[in-house]
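Participant: Chain by chain, the residues run as shown.
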Amino acid sequence: MKNRSKLSQHQQQGEQQSAAENAQQQSREFATAEELLRFEAQQTEVPPQIAERLKQSISALAPPPRRAWWRNLLGR
Amino acid sequence: MNDPAQGPELMERQPAGWPSEEIGALYEQHSRAIYYLALRFLADPQKAEDATHDVFLKAFRKLDQFRREASVRTWLYRIAINHCQNLQQSWHNRHVTANSDDLIWEHTASRTDSPLRALETKELGQRIQKTLDRLSDEYRLLLLLVADEELSYEQIAALVGQSTDAVRGKLHRARKTFALLFEQTA
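From first to last, the protein sequence lines are chains R and P. Here my numbering is used: the first residue of the first sequence is 1, the next is one more, and so on. Here my numbering is used: the first residue of the second sequence is 77, the next is one more, and so on.
I should point out that these hints are in silico values taken from the structure, not numbers from a laboratory. C-beta: ideal position from N, C-alpha, C; glycine also. Hints are not guaranteed to be accurate.
Label-pair distances were calculated between CB atoms; the ranges are [claimed, not checked]:
| id | chain 1 | residue 1 | chain 2 | residue 2 | range |
| --- | --- | --- | --- | --- | --- |
| 1 | R | 56 | P | 261 | 19 to 27 Å |
| 2 | P | 240 | R | 49 | 22 to 30 Å |
| 3 | P | 95 | R | 31 | 37 to 45 Å |
| 4 | R | 43 | P | 162 | 22 to 30 Å |
The calculated BS3-like cross-link candidates involving lysine-lysine, where the alpha carbons are at most 25 Å apart (straight line), are [unchecked claim]:
| id | chain 1 | residue 1 | chain 2 | residue 2 |
| --- | --- | --- | --- | --- |
| 5 | P | 246 | P | 134 |
| 6 | P | 123 | R | 55 |
| 7 | P | 134 | P | 123 |
| 8 | P | 134 | R | 55 |
| 9 | P | 138 | R | 55 |
| 10 | P | 246 | P | 206 |
| 11 | P | 138 | P | 123 |
With the hints as extra help, turn the sequences into a complete structure.
Facilitator: See below:
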């Protein structure tokens, strides 16, 4: 019974905390446009597929042209 | 505003899985900023993905041209802004002009002093995009750049090719216009 009441109390606390978080989230205010944009930028996740595509694109790029052996030899 | 990240610091980091450690480090440190700029400037997640990919690919190709004394962030922004503006010009999908921003502001200046309230985080992105879509390209870009704490006003001025004073003045009006339009999206 004691455990149950403890659990109930714990759940209640959790619910209160969650409600407080929701209220805080719902009533969020920003003084300026950039503050708002900054907040959103921080929440924005970069899609992981971009990195994968980029790695493939870079790997597929042709290596830079090598100097001809005779130019190295002649120093030209 | 913080001092922008400099090139040599970036090169100390060695992210795994990248064919080039330099571009890997650049990407890890700056991809969020570049993606967010592209996302909100182009108003399309798919186009923003493509743009972010293309910007970093261009950066990789031009790494040898990067002057170390400049900020890496500023350099990447320059590539990103040029890229996004070129895309926009080819799509012809912007019709709002700077004059319309000014008109809105002049008629309703007194209503823009209250804080920006966001009731639901889920809807925040949609409201921000709707608001930015109604701004001129110039105001939108200025607000997106000033939102990045790593950029100074001087760097923003250099990126948009205007004086610092002009940027400050335009930002003032851009903020007011944004606040008004944002309120209208509620």
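Participant: Report the numbers of all earlier hints that the structure fails to satisfy, in ascending order.
Facilitator: As far as the earlier hints go, 1, 2 and 5 are violated by this structure, in ascending order.
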